[in-house]
Structure formats: C-alpha cells, structure tokens
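Q: Taken in sequence, the protein lines are chains A and B. Following the working numbering, the numbering of the first sequence begins with 75 at its first residue and continues without gaps. Following the working numbering, the numbering of the second sequence begins with 20 at its first residue and continues without gaps.
Quick caveat, the hints were computed from the structure, so don't treat them as lab data. All residues carry an ideal CB built from backbone N, CA and C; glycine is no exception. Any given hint might turn out to be false.
[Stated by the list, open to error] Taking CB as the label site, the calculated pair distances span: (1) SER81(A) - LYS90(B): 18 to 28 Å; (2) LEU187(A) - ASN47(B): 18 to 28 Å; (3) TYR172(A) - SER86(B): 33 to 43 Å; (4) PRO115(A) - THR26(B): 16 to 26 Å; (5) PRO114(A) - ARG63(B): 35 to 45 Å; (6) GLY82(B) - ASN136(A): 35 to 45 Å; (7) ARG137(A) - ASN81(B): 34 to 44 Å; (8) GLY82(B) - SER86(A): 45 to 55 Å.
[Unchecked claim] List of simulated lysine to any residue pairs, SDA-like, C-alpha gap at most 20 Å: (9) LYS129(A) - GLN118(A); (10) LYS147(A) - LYS76(B); (11) LYS76(B) - THR77(A); (12) LYS144(A) - TYR128(A).
[To be verified] Covered, in the sense of this in silico footprint (three residues per stretch, anywhere, with C-beta under 8 Å from a C-beta of chain A), are these stretches of chain B: (13) 89-100; (14) 106-117.
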Amino acid sequence: AQTVTQSQPEMSVQEAETVTLSCTYDTSESNYYLFWYKQPPSRQMILVIRQEAYKQQNATENRFSVNFQKAAKSFSLKISDSQLGDTAMYFCASPDNYGQNFVFGPGTRLSVLP
Amino acid sequence: NAGVTQTPKFQVLKTGQSMTLQCAQDMNHNSMYWYRQDPGMGLRLIYYSASEGTTDKGEVPNGYNVSRLNKREFSLRLESAAPSQTSVYFCASSEARAGASSYGYTFGSGTRLTVV
C-alpha cells in the first residue's frame with residue numbers, strides 16, 4: 075500500500091523561531107500537487123500550502139514555505155516566525171498511485187511555546 | 020458560504036445501533052470522499068465517489084455503506100455500530116480526482132462519533 079511518512083510525531087518550537095516538518099511520499103503519478111493541511115484544536119482541516127510537482131521552484135505562502143525534492147519524494151514544510159496560533163496537527167497529503175484519492179501522513183503535532 | 024456541510028458534529032451510539040452521516044457540498048465538485056481519523060494514523064479513506072452515480076471502496080470500508088444521492092450529497096451509513104468505529108469522520112470534496120486536482124480537498128467540519 076502506498077504510504078506517506080511523517081517521521082516526527084511531535085515537535086515544539088519557541089515563538090518567533092523557525093521549525094521544519096518533514097514528509098516523504100511514494101506516488102507513481104508524474105504530474106501532481108502535494109498539500110500540507112493544518113488541523114487546530116477546532117478540528118477543522120485547513121489548507122496551508124500546495125506544491126506543483128512539475129515546478130522546481132518551492133512554494134511559499136507568507137510564513138510558510140516548502141522544500142520539495144522530487145527525486146527523493148520529499149516535501150517538508152518550514153514555518154518561519156512561529157506564532158502561538160500555529161499550534162496544531164499538520165498533515166501532508168499526496169495522490170495515491172492511481173491518482174484517484176489523497177493519502178495522508180500520520181501527522182505531526184506542533185506546539186508553539188511562548 | 021460555499022463549502023462542505025457535514026452533520027452531525029457529535030454523536031454517541033450504542034453498539035448495534037445504526038446511523039447515517041450526511042454530507043453536502045455546494046461547489047459543484049465531482050468527487051466526494053469519506054475519511055476517518057484515528058490518533059497516530061492520519062486520515063484513512065473509507066469510501067469515495069469519483070462522480071455522480073459511482074462509489075468505490077477505500078482502505079477501510081468494512082462496516083460502512085455510502086450513497087451518492089446526487090452531485091451535491093454523499094452519505095455514510097453505519098448499519099450496526101461497533102466500538103472500533105469510534106473515530107472522527109470527515110467528508111471532503113474536490114473538483115477532480117487527486118492526481119488532477121490543483122486545489123486539493125475541501126473538508127467538512129468533522130463528526131466525532133463514539134460507540135459505547
């Protein structure tokens with residue numbers, strides 16, 4: 075079965091510091107998008123950032139950016155100037171091998187400390 | 020506001036009871052999905068509907084049934100609830116299949132289901 079791996083179950087970072095969450099995937103799709111979602115205690119799933127696999131340039135959305143290594147199938151999320159509101163579970167998602175559905179990693183619980 | 024509406028938000032069932040989780044989207048999306056979320060396991064796909072009139076099993080379909088009532092609505096039914104089905108359930112929709120989707124999923128707000 076296809077897997078998405080997030081090797082850090084929990085992480086913490088001081089407010090205003092930078093943190094990187096890792097993700098690896100193994101889709102066989104050739105043209106696809108990858109996604110990071112945030113799930114705060116409210117339980118709502120919120121899109122953080124997306125990356126086009128055929129673009130070498132890493133995506134950036136304000137304080138959030140990715141480090142995308144297509145050959146290594148690695149898709150890490152960097153959060154700069156961390157804020158208390160960034161405290162949440164973070165999930166990365168990749169298309170499955172048939173391109174039909176998204177497969178999610180197990181999540182990384184991020185705590186931003188004051 | 021456009022989005023995915025999922026009901027109920029919370030439910031407690033006794034073992035053996037049945038219930039239906041409702042999901043509706045107003046974004047004219049073709050594809051709809053039901054996932055369950057359990058601690059340490061991320062989101063696992065139960066069933067999906069690639070388009071109106073079609074449904075397919077996902078990774079963990081046992082104990083569930085679905086109905087794609089029309090393009091907007093996709094319901095999940097538990098015929099005889101078991102404690103192992105205690106979980107948080109999410110409905111989601113997308114404009115296209117995952118490999119062709121540039122916007123990813125839009126999620127409902129989730130249902131916390133407890134089976135005692």
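Q: Now tell me if each hint is right for this structure.
A: Cross-check of the supplied hints:
no.	hint	verdict
1	SER81(A) - LYS90(B): 18 to 28 Å	39 Å, violated
2	LEU187(A) - ASN47(B): 18 to 28 Å	43 Å, violated
3	TYR172(A) - SER86(B): 33 to 43 Å	23 Å, violated
4	PRO115(A) - THR26(B): 16 to 26 Å	21 Å, holds
5	PRO114(A) - ARG63(B): 35 to 45 Å	21 Å, violated
6	GLY82(B) - ASN136(A): 35 to 45 Å	42 Å, holds
7	ARG137(A) - ASN81(B): 34 to 44 Å	42 Å, holds
8	GLY82(B) - SER86(A): 45 to 55 Å	37 Å, violated
9	LYS129(A) - GLN118(A)	29 Å, violated
10	LYS147(A) - LYS76(B)	27 Å, violated
11	LYS76(B) - THR77(A)	18 Å, holds
12	LYS144(A) - TYR128(A)	9 Å, holds
13	89-100	violated (count 0)
14	106-117	holds (count 5)
When the structure is compared with the earlier hints, violations turn up for hints 1, 2, 3, 5, 8, 9, 10, 13 and for no others.
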